[in-house]
Amino acid sequence: MTTVVKVNNLSKTYGAGDTAVYALKKVNIEIEQGDFVAIMGASGSGKSTLMNILGCLDAPTEGNYWIRNLDVADLDEEQLAVVRSQLIGFVFQSFNLIPRTSALRNVELPMAYQGVSRAERRRRAAEALTAVGLADRMEHQPHELSGGQQQRVAIARALVTEPAMVLADEPTGALDTASTHEILELLHELNRKGTTVVVITHEEEVARAARRVIRLRDGEIIEDRTWAA
Amino acid sequence: MGSLGLREIWRFAWRGISSNRMRSSLTILGVLIGVSSVIILTAVGNGSATAVRQQIEKLGTNSITVMGNGGGGGGGFSRTRSSTAKGLTIADTTALNNKDNAPHIKQAAPILNASVTCTYGNISATPGSAKGTWTSYFEASNSPVDKGGYWTNDDVTQKRGVAVIGTTLAKNLFDTDSPIDKIIRCGGQSVTVVGVMKSKGTTGFQDSDDVIIMPITFVQRAIAGYGNISQIQVESIDAKSTQLAMDEVTAIMNSQHKIKSTATADYRVLNQSDLLQSSTDTSKTLTVLLAAIAAISLLVGGIGITNIMLVSVTERTREIGILKAIGAPKAAILTQFLIEAMMLSLLGGISGVLLGLGISHFSILGVVPVVSLSSVLTAFIVSALVGLVFGGWPANRAASLRPIEALRYE
Ligand SMILES: Nc1ncnc2c1ncn2[C@@H]1O[C@H](COP(=O)(O)OP(=O)(O)OP(=O)(O)O)[C@@H](O)[C@H]1O
Ligand SMILES: [Mg+2]
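Sequences listed follow chains A and B, in order. Just so you know, we're using our numbering here: the first sequence kicks off at 1 and counts up by one. Just so you know, we're using our numbering here: the second sequence kicks off at 1 and counts up by one.
Hints listed in this document are in silico derivations from the structure and should not be mistaken for laboratory results. Check each hint, because a few of them may be wrong.
DEER-style ranges, computed between Cβ atoms [to be verified]:
1) A:Ala73 x B:Glu410: 58 to 64 Å
2) A:Ala174 x B:Ser25: 14 to 20 Å
3) B:Arg11 x A:Ala73: 33 to 39 Å
4) B:Ser400 x A:Glu30: 31 to 37 Å
5) A:Glu30 x B:Leu385: 48 to 54 Å
6) B:Glu410 x A:Tyr22: 22 to 28 Å
Where chain A lies over chain B, by a calculated footprint (3+ residues, C-beta under 8 Å) [unchecked claim]:
7) 12 to 26
8) 322 to 333
9) 398 to 404
We put the beta carbon where it would ideally sit given N, CA and C, even for glycine.
With these hints in hand, go ahead and build the complete structure from the sequences.
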């Protein structure tokens, strides 16, 4: 098995001096290609902080992070953009779709930065939206979609580039039970096709469905459990 | 720019603009107002300058100057004279004053330029211009006396050392004291000041008030010698007759100097050179005023554009964060926002130019505006640049943030 993510003594501190917040303290994680990892922990335990660093949206204060054997600290701005574009799909709790832009355009967008031709983009975006069950909502703008639908657009946007891993920060946090099930099912399907999935969740149900659960408390890993497949 | 083509980025920019009509229209409106106000204000100022110039031209076109060729005989001790040219003489002046040959000439006065240094007590000053002439010069050159009086024909016949001076020379020699009846020394001769002329102001780099005017006979006797004169100042009977008067001047001068064709003329006849210069002067003042107005309106317009650009781009910091999170390189984001800013500035600039030109067709507060190309270009270029800079700068700032910082931006 190949390692997608390797994190070594990773720390993240916000602020300095008396007001410093130690969001992550010397965290060590290794994630294999094709794994399905749930990250759990109380509010403020550092889950989002970890996830943002894994997604190259933020930089650690200390420690090392390798993604596919690339030391992220060595990458410049341009190379980081390539990593985000080629290797990572990010799903946010608050969807983060581009406002006033159709679902189809939103899903097309990441492919544009990969140099995919327009026709090809259109085709694959439509395919991805169909896969998440939104074939009839392609021309809708985010504000014309329900929360669950918006999150499905966001998942389509994350998976359409066929990234090495999809990172989802509480993807169902703002959704009802029915939508939650749909979203989880989508993530599992993605994982079955070989994509590494890391998902932050508060729900035991989600965690049970994962192959591996990492629990954080006050920025430290207190449990890292893997179930046999 | 990575793999994203420029055409693609243009399309993105267009979408960015068209997806938020309100924000885009406000931005365009900001640029439009900036550009059109500069154009209109400058055009109104220009229009009033033109009106003033026309008025001046109407006022006094009956002033004619005859000059010798090649510097008109120079002046004073440093006289230069072309060997073939005869130069102007008192006899020429007398011929011009002959009513039988020149019915449209009211009067002609000789002018002899000299250079002298004048002293009063231990104060010394060299006036920019020292002239010897006849009494009719004052009327012909429209130089009324403000304080004191003129010297007389008798002074001319008697070659007396008397002078009318300009306000600058008066100030230089006497400061605030009254110059009237004071005796100064000019070129070693005693000269009594009898009057001070009304101020004419500065013409280009020459101060029209830094002058001393004395009887030509005195200047010849005491300062410059009895050579050719420098100029002849001619006044036509009225503005309508100026052209006829000029023709008469030419005819008389040709016969005086035995000249067959104008090509070989050793003199030049000029009309309203003084007036044109003073109008140039007036429009210079107006131009400065206009430039100030234009600068202020450009500044105000620029601040408007800056504001709306800053606000609308800052508002989209989160959007920039999303773009970065899904893998957009900084250059692509920056190019997109710059093109957006450029399109908005151009749209605003072009509509501002059209509106400005449109409004300038109507008379504003009684002034018929005259649009100047330079104001249109300046307004357009400056607003486009301001739009580009203040659209590009916050976009660059946002695109330089880590994605998470841009996403969290409030
Ligand atoms: N930008 C920031 N500036 C300062 N402190 C921060 C910042 N972001 C997070 N923190 C702090 O870091 C700690 C971890 O935050 P993080 O968002 O990772 O928690 P979390 O586990 O995701 O919580 P939740 O379940 O509520 O989302 C918290 O104490 C938080 O206050
Ligand atoms: Mg969180």
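query: Looking at the structure, which of the earlier hints fail to hold?
result: 1, 2
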